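Colleague: These protein sequences, in sequence, are chains A and B. No gaps in the numbering here: position 173 of the first sequence is 173 in my numbering, and each next residue is one more. No gaps in the numbering here: position 197 of the second sequence is 197 in my numbering, and each next residue is one more.
Be aware that a few hints might be false.
[As the list claims (entries may be wrong)] Just a sample of chain A residues kept apart from chain B, beta carbon distances all over 12 Å, derived:
(1) Val26
(2) Ile105
(3) His182
(4) Leu234
[To be verified] To spell it out: a stretch of chain A is covered by chain B in this simulated footprint if at least three of its residues, at any positions, have a beta carbon under 8 Å from a beta carbon of chain B; those stretches are:
(5) 96 to 103
(6) 156 to 166
[Stated by the list, open to error] Listed next, with one range per pair, are the computed distances between beta-carbon atoms:
(7) Arg63/B <-> Trp104/A: 54 to 60 Å
(8) Asp113/B <-> Phe118/A: 47 to 53 Å
(9) Gly130/A <-> Asp113/B: 52 to 58 Å
(10) Asp232/B <-> Arg3/A: 37 to 43 Å
(11) Gly126/B <-> Leu82/A: 40 to 46 Å
(12) Ala7/A <-> Glu241/B: 41 to 47 Å
(13) Ala16/A <-> Arg138/B: 47 to 53 Å
(14) Gly203/B <-> Tyr97/A: 28 to 34 Å
(15) Glu103/A <-> Gly126/B: 24 to 30 Å
(16) Gly203/B <-> Trp104/A: 37 to 43 Å
Keep in mind that the hints were calculated from the coordinates and are not lab data. Since the model is a prediction, treat every value here as computed from it, not as a measurement. Note that beta-carbon positions come from the ideal geometry of N, C-alpha and C, so glycine has one too.
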Amino acid sequence: MVRRVLALTTGRIAVAILTLVALLAVLGPLLAPQDPLATSDTMLAAASGDHWLGTDYLGRDVFSRLLDGSRVSVLGSLEVALTALLVGAVPGILSVYLGRGFEWITLRLADTLVALPFLLFAVAVIALLGNGITQAMLVTGVLVSPLFYRVARAATLAVARSPYVEAALISGASLGWVVRRHVWVKVLPPIAVALAQTIGVGFVIVSSLTFLGIGVQPPAPTWGGLLASDLGYLSHRPWAPLTPALLIMVTVWGSNLLADAIRDVSGEAGRALVNQRRARANRPDKADPAPAGGTR
Amino acid sequence: MTTEPSPRSPSGTREPSPPEDSTGTRAQRSPGDSGRLREARPTGHSPGPGTTPPPVLQVAGLRVRYGLGRRRRTALDGVSLDVARGETVGVIGETGSGKSTLARAILGLVRADAGTIAIGGEDVGGHNRRRWRALRRRGVVQYVFQDPLRSLDPDLTIEDSLTEPLLVQGVPRQEAAARARTFLDRVRLTEELLGRLPGELSGGQRQRVAVARALVTEPRLVILDEPVSALDSANRVQILEILKELRSDGVALVFISHDLGSVAGIADRIAVLHQGELVETGTARDVIQRPRHPYTRLLVSSAPTLHGAPAERAERAALRALLHV
Numbered sequence: 001m002v003r004r005v006l007a008l009t010t011g012r013i014a015v016a017i018l019t020l021v022a023l024l025a026v027l028g029p030l031l032a033p034q035d036p037l038a039t040s041d042t043m044l045a046a047a048s049g050d051h052w053l054g055t056d057y058l059g060r061d062v063f064s065r066l067l068d069g070s071r072v073s074v075l076g077s078l079e080v081a082l083t084a085l086l087v088g089a090v091p092g093i094l095s096v097y098l099g100r101g102f103e104w105i106t107l108r109l110a111d112t113l114v115a116l117p118f119l120l121f122a123v124a125v126i127a128l129l130g131n132g133i134t135q136a137m138l139v140t141g142v143l144v145s146p147l148f149y150r151v152a153r154a155a156t157l158a159v160a161r162s163p164y165v166e167a168a169l170i171s172g173a174s175l176g177w178v179v180r181r182h183v184w185v186k187v188l189p190p191i192a193v194a195l196a197q198t199i200g201v202g203f204v205i206v207s208s209l210t211f212l213g214i215g216v217q218p219p220a221p222t223w224g225g226l227l228a229s230d231l232g233y234l235s236h237r238p239w240a241p242l243t244p245a246l247l248i249m250v251t252v253w254g255s256n257l258l259a260d261a262i263r264d265v266s267g268e269a270g271r272a273l274v275n276q277r278r279a280r281a282n283r284p285d286k287a288d289p290a291p292a293g294g295t296r
Numbered sequence: 001m002t003t004e005p006s007p008r009s010p011s012g013t014r015e016p017s018p019p020e021d022s023t024g025t026r027a028q029r030s031p032g033d034s035g036r037l038r039e040a041r042p043t044g045h046s047p048g049p050g051t052t053p054p055p056v057l058q059v060a061g062l063r064v065r066y067g068l069g070r071r072r073r074t075a076l077d078g079v080s081l082d083v084a085r086g087e088t089v090g091v092i093g094e095t096g097s098g099k100s101t102l103a104r105a106i107l108g109l110v111r112a113d114a115g116t117i118a119i120g121g122e123d124v125g126g127h128n129r130r131r132w133r134a135l136r137r138r139g140v141v142q143y144v145f146q147d148p149l150r151s152l153d154p155d156l157t158i159e160d161s162l163t164e165p166l167l168v169q170g171v172p173r174q175e176a177a178a179r180a181r182t183f184l185d186r187v188r189l190t191e192e193l194l195g196r197l198p199g200e201l202s203g204g205q206r207q208r209v210a211v212a213r214a215l216v217t218e219p220r221l222v223i224l225d226e227p228v229s230a231l232d233s234a235n236r237v238q239i240l241e242i243l244k245e246l247r248s249d250g251v252a253l254v255f256i257s258h259d260l261g262s263v264a265g266i267a268d269r270i271a272v273l274h275q276g277e278l279v280e281t282g283t284a285r286d287v288i289q290r291p292r293h294p295y296t297r298l299l300v301s302s303a304p305t306l307h308g309a310p311a312e313r314a315e316r317a318a319l320r321a322l323l324h325v
């Protein structure tokens with residue numbers, strides 16, 4: 001799967017972008033040239049040699065804050081996406097196979113989660129579990145999980161009663177075998193797309209929760225938080241929100257590209273696509289090998 | 001080899017003597033062919049001298065109903081059918097007569113409301129999921145689906161699909177691949193197809209792959225649900241030839257079809273299903289030449305290639321009227 005994704009140009013671009021973002025998340029706080037929390041007298045300054053991206057309304061260095069906030073931002077949205085994947089997709093697949101009772105209970109749970117007002121629920125859980133980035137992201141992940149539940153369930157239902165699954169069952173295959181060998185490949189592409197989308201939404205959620213004082217606490221920087229505070233001073237520094245917005249956009253774009261690449265190379269069509277390219281590269285004279293023969 | 005007469009079947013369908021294609025005479029008829037499968041099979045499976053092995057399949061008084069309450073419909077009622085070792089039984093019936101339900105009930109995909117099913121002497125009526133899995137892993141019974149396009153996973157190569165039943169049994173991958181290869185020849189496929197995906201094969205090739213997948217576990221009973229209905233005549237003939245070879249290798253076949261013509265040439269016995277009931281069973285020759293039940297007569301008279309000139313339209317109309325009363 002990895003090799004097939006890398007065979008596509010879009011796949012390579014996506015992996016490059018996401019690697020950069022991951023490096024930023026790991027090394028960002030170490031690379032920050034100044035203390036991201038230190039205030040100074042030069043407030044709302046334009047870009048200069050001292051402050052590459054200027055300063056914010058408290059005179060803090062924006063570039064340092066951007067670098068320092070990248071780890072929390074990236075980890076936060078990843079946490080949201082992975083929680084949603086685990087809480088949503090796994091029961092989604094199993095709901096098709098584990099009998100009516102499990103199906104009914106998980107379906108109603110998913111409906112309940114959709115019906116809950118997001119912020120109210122987040123505030124309530126924070127009140128119960130204590131404030132912190134991990135709690136906030138777990139709550140968000142659980143609230144986003146119905147999307148994964150529905151997507152995984154729909155994709156599983158499409159193959160659950162197919163003859164090849166029945167053929168495997170007739171051969172004595174277990175539930176785990178069927179899911180691993182037949183179902184997972186069909187569920188992965190739509191799940192990957194949902195995952196990429198959730199990573200993008202995650203950035204926005206982290207910032208909106210920050211705005212409410214949930215999760216990341218105010219002095220600590222995040223990309224979304226920077227965007228929010230910059231928006232308040234648009235008249236002074238109209239170009240300021242561009243950098244955090246671009247960072248978020250590129251990350252979301254990278255994960256969407258990756259999701260597209262995964263969808264493109266998985267399944268029959270994807271394999272044919274990659275094989276075709278390989279064949280064309282190997283035999284330029286015969287561009288399209290005809291799939292035929294085999295009869296005696 | 002006994003078939004309990006169902007309420008609507010006329011008396012006298014019971015065979016007093018074993019048919020010509022029973023286990024004993026088969027080996028003499030084509031020794032060359034039967035050797036191939038026999039070698040690979042453990043000796044414990046072949047019938048020992050003096051002992052009469054149980055029929056591969058015994059179905060008695062089977063009833064299957066779908067739905068609940070007022071929408072409940074009876075798909076099968078009082079169906080009894082025995083299949084001896086190496087015997088080929090054709091099950092004929094129109095759409096909705098319960099043919100596929102019969103197959104699915106035998107395979108444990110549909111639960112029976114009443115009646116017993118025994119596979120190789122083992123009563124499977126009360127089997128839970130775990131015991132069904134254990135039975136299936138032995139690979140005694142296999143199934144070939146009607147639609148060759150959808151019965152193979154489009155994301156798996158032919159080799160993956162062929163080895164799957166063996167891998168499920170716990171056979172190491174290398175050995176499974178080697179064993180799967182030996183069956184390609186039997187279904188007239190070449191090794192170069194192994195790396196392909198089902199979408200890159202023709203319908204006939206796919207159906208032969210499906211047959212090969214059913215054979216890799218060396219089953220004693222193969223249930224074929226309309227195996228040739230989706231194929232053109234050339235591929236149909238090829239599949240039927242493969243099935244005839246299988247029959248001479250001692251594999252019992254249950255051949256389900258709506259088409260009397262494709263079953264007539266291969267079946268030892270023919271069972272006719274009509275509206276969920278077994279209306280007639282007998283040797284293939286008897287059923288075709290001396291059909292007793294009106295529905296069978298209608299079937300035979302509707303198949304011109306079987307019985308000289310097609311019967312008069314008026315006669316067929318009369319038979320239909322008789323059936324609907």
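Colleague: Honestly, which of those hints from before does the structure not fit?
Modeller: 3, 5 and 7
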